[in-house]
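Letter by letter, the chains look like this.
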Amino acid sequence: MSSEVTLDRRQLIGSAALLAALIGAPLYIKLHEDARDGRTATPDQMVMLRRVVEAVIPRTDTPGAAEVGVDGFVALGLAHGLEGTLAPSGSSQPNLPRLKGRPAPAGLDLLDWLSEQLQREGVGDVVTTTDAVIERALTTIDAAAFAKGQEASPWRKLKALILLGYYTSEAGATRELRYELVPGRWDADLPATPATRGWSSDWTALTFG
Amino acid sequence: MTTEFDAIVVGSGITGGWAAKELTEAGLKVLLVERGRNITHGEDYKTETVPPWEMPFRGAGDAELYARDYATQRGNRAFDEWTQNHFVNDRENPYSTAPGREGFMWWRSYQLGGRSLTWGRQSYRWSDYDFGANKADGHGVDWPIRYADLAPWYDHVERFIGVSGSVEGIPSLPDGQYQPPMALNFVEKHIKTKIESTYADRKLVIGRTANMTEGKDGRSPCQYRSICARGCSFGAYFSTQSSTLPAAKVTGLLTVVTDAIVERVEHDPVTNRATGVVYYDTAKRQRVKVTARLVFLNAGAFNTNHLMLRSTSEAFPNGIANRSGILGTHIMDHPNTLSVMAIMPGFEGHTTFGNRPTGIIIPRFRNLDTQDAPSFKRGYFYMGGALRGAWGDGKREAGIGRALKAKLRSPQVWRMVLIAYAESMPRASNRLTVDASRRDALDQPLLKIDFAHGANERAAMADAAAQAREMMIGAGGIVVASLDQPAPGGTAIHEMGGARMGWDPATSVLDRYSRAHDVPNLFVTDGAQMTSSACQNPSLTYMALTARACSNAVSMLKEGSI
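For the protein sequence lines, the chains are Y and F, in the order given.
For the record, in the first sequence the residue sitting at position 205 is 1247 according to the numbering used here, with numbers rising by one throughout.
For the record, in the second sequence the residue sitting at position 300 is 402 according to the numbering used here, with numbers rising by one throughout.
Take the hints with a grain of salt, since some may be wrong.
Said to hold, decoys possible - Calculated cross-link-like contacts (lysine-lysine; reagent style DSBU-like; alpha-carbon spacing at most 35 angstroms):
no.	chain 1	residue 1	chain 2	residue 2
1	Y	1190	F	497
2	F	497	F	294
3	F	148	F	386
4	F	509	Y	1190
5	Y	1190	F	148
Stated by the list, open to error - Derived DEER-like restraints, expressed as beta-carbon distance ranges:
no.	chain 1	residue 1	chain 2	residue 2	range
6	Y	1217	F	144	24 to 32 angstroms
7	Y	1186	F	157	27 to 35 angstroms
8	Y	1217	F	157	15 to 23 angstroms
9	Y	1226	F	269	54 to 62 angstroms
10	Y	1185	F	557	42 to 50 angstroms
11	F	447	Y	1164	37 to 45 angstroms
12	F	447	Y	1193	18 to 26 angstroms
Because the hints were derived from the structure by calculation, they are not lab data.
Where is the CB? At the ideal position from N, CA and C, for every residue including glycine.
Please build the complete structure, drawing on both the sequences and the hints.
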């Protein structure tokens, strides 16, 4: 039996915060260290992500994805490999768009891939560009990712994470959709109209992907 | 000889709970030994009512953690962030598989209540097509019992646990003592009509499930949440905690120890009796020896085999009650696969309310009175159902922005799935052994699983896929997926066999009362006792066999014959 001593993420954050308190250094050291460790997104990536999630699920008569913090959830999900993001995307499909000269992206590196795709579509500065420009670029990226043969596209995983984050948020689950933890009865046949809202509490999306 | 207990029951899952209940109700002083932690009904279902937005990973769970610690368990459909504490940590609970074979997904729950907390709850009787199968085609040894031996015990079990279902008069799937059935939804009714009007030999009926539609014994009827595996404070589905454990406790004759891993069954060569067990108390870090007049093994099929194989002595160098050398062989698990998934257009005007915790079944129709599918022996049946998709459909199609959000606001397309489960043939080459080269944290050798589905199982899966496609197309479905090969062994979570029942002590481990041929006070009443697998879910049969074995054990004890 061998035993290894490793610092986990919580310990790393803890030691960085302690260091920051001791020497009075600003707390971005922690963020920077974590980012270099591949564990959290950089501030620039977070700005991009906030624009992207809102473009995918915008504010309507209910909150949009940015308002409910889906950007943070996507970053967390990437760091922890949700929706298969720790497996390299597209490694078996050499014709997928990817960063030149680099291996297929996984985890938070998917954000580098996304950034390059946005630039390729002419987005420019994600801070100042208009919603329409971002939406147009994402529409192109999205259409390409759902073309035949692109099943392993990184965008499919990112989009899955965005939808997961939104529809499991309180607003997404209870205001955009309906949530009833204890239905108390089974009605086997009810009329549905185009105005009928779907359920977030039928669990099918979480159980079956 | 003076013993501390009348009976020791090893394992507190579906059958262990039943053994504890039946034996205490018969007046025996019983020790129930559970390897995992205590879980108190209700108060320990910590995640039961937590909404997704309050879960750290929104219910999807920490995939990085799962890859490291739950690499096998995460494949279970009931495994998610809410239920992960009801499954074992794979890294801490390793097992070996035979190199070059197909591997085995061993899904386990080490805690009070065992897999009764996470089970699929489908509750089917076996018929004489099943108990007579080995004798009819010569695979495996003959079952030493028939349906008539078990029918009253099925009645007893169904009445107590609460099974909802419909009375159908299907010869291969005998009717039982049912609470009112849950209803088919509109799409399932449509498909039922199409299938039953096209095929004289087929029926589509609601799944018979241990989710109650009427309250009983202080338990509430189902609330239609369909989050059973988190634990149900309503007690609406059968688990040890909701059902058998309170019944056993009320007798005042039950002692429960948790965090106690049984390492061996002790045997006295002079009297040829099991004298008790030695367990390791993982909380106090000490070994404890306990004695009893009866020992019941209910550790779960493979762990019961493992325990018996490890319980060696001069009298039993190859494992207790294993003079035959059969112990560990002829293990089975139902080959299963997604035979069809079809989109069902034209039903957009229909929806449902509530989450029904059971699906539909199409009972076995192949190779019953005639060999009408000559490419394989025995049969298969389908479980499945029609569901309307939800927001998850958005992951699989192009679209962003307001249009996407508007589309996902509504219920999505109806899909019908049929998942086939076929009979697993008993084969000597599918077997469990002790892997002397690898040891666990307690220095016990690991269990080694050597398993592969065979040509018969593959032929059954191929027929099931072809028939399922034909039925769905006939019902107006658009087939989007259809698999004709079985998923890996273990994925039915119906692993069984290894200590099979039989007439002959030379070719079987247990007699017709689930009692070891070689050790007259040792009983095995979990899945390990199975001689063949049928194709339908086995847990109800394990429970009925347990109740029957307990009754006989008590009679023998009172007569003084053991």
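A quick look at each hint next to the structure:
1. Straight-line distance between C-alpha atoms of residue 1190 of chain Y and residue 497 of chain F comes to about 15 angstroms, which keeps the hinted pair within the 35 angstroms bound.
2. Between the alpha carbons of residue 497 of chain F and residue 294 of chain F the distance comes to roughly 31 angstroms, so the proposed pair stays at or under 35 angstroms and holds.
3. For a cut-off of 35 angstroms, the pair hint linking residue 148 of chain F to residue 386 of chain F stands: about 25 angstroms separates their Cα positions.
4. As the CA atoms of residue 509 of chain F and residue 1190 of chain Y are separated by approximately 22 angstroms, the hinted pair is consistent with the 35 angstroms bound.
5. Our distance criterion of 35 angstroms between C-alpha atoms is broken by residue 1190 of chain Y and residue 148 of chain F, whose separation comes to about 44 angstroms.
6. As the Cβ distance of residue 1217 of chain Y to residue 144 of chain F is approximately 31 angstroms, the hint placing it in 24 to 32 angstroms holds.
7. The hint said 27 to 35 angstroms for the Cβ distance between residue 1186 of chain Y and residue 157 of chain F, and at roughly 33 angstroms that hint holds.
8. Restraint check, residue 1217 of chain Y to residue 157 of chain F: a C-beta distance of roughly 19 angstroms satisfies the suggested window 15 to 23 angstroms.
9. Between residue 1226 of chain Y and residue 269 of chain F the beta carbons are some 26 angstroms apart, a value that contradicts the proposed interval 54 to 62 angstroms.
10. For residue 1185 of chain Y paired with residue 557 of chain F, a C-beta distance near 45 angstroms keeps the hint of 42 to 50 angstroms intact.
11. For residue 447 of chain F paired with residue 1164 of chain Y, a C-beta distance near 40 angstroms keeps the hint of 37 to 45 angstroms intact.
12. Between residue 447 of chain F and residue 1193 of chain Y the beta carbon distance is about 24 angstroms. The supplied range of 18 to 26 angstroms therefore holds.
Of the numbered hints listed earlier, those contradicted by the structure are 5 and 9.
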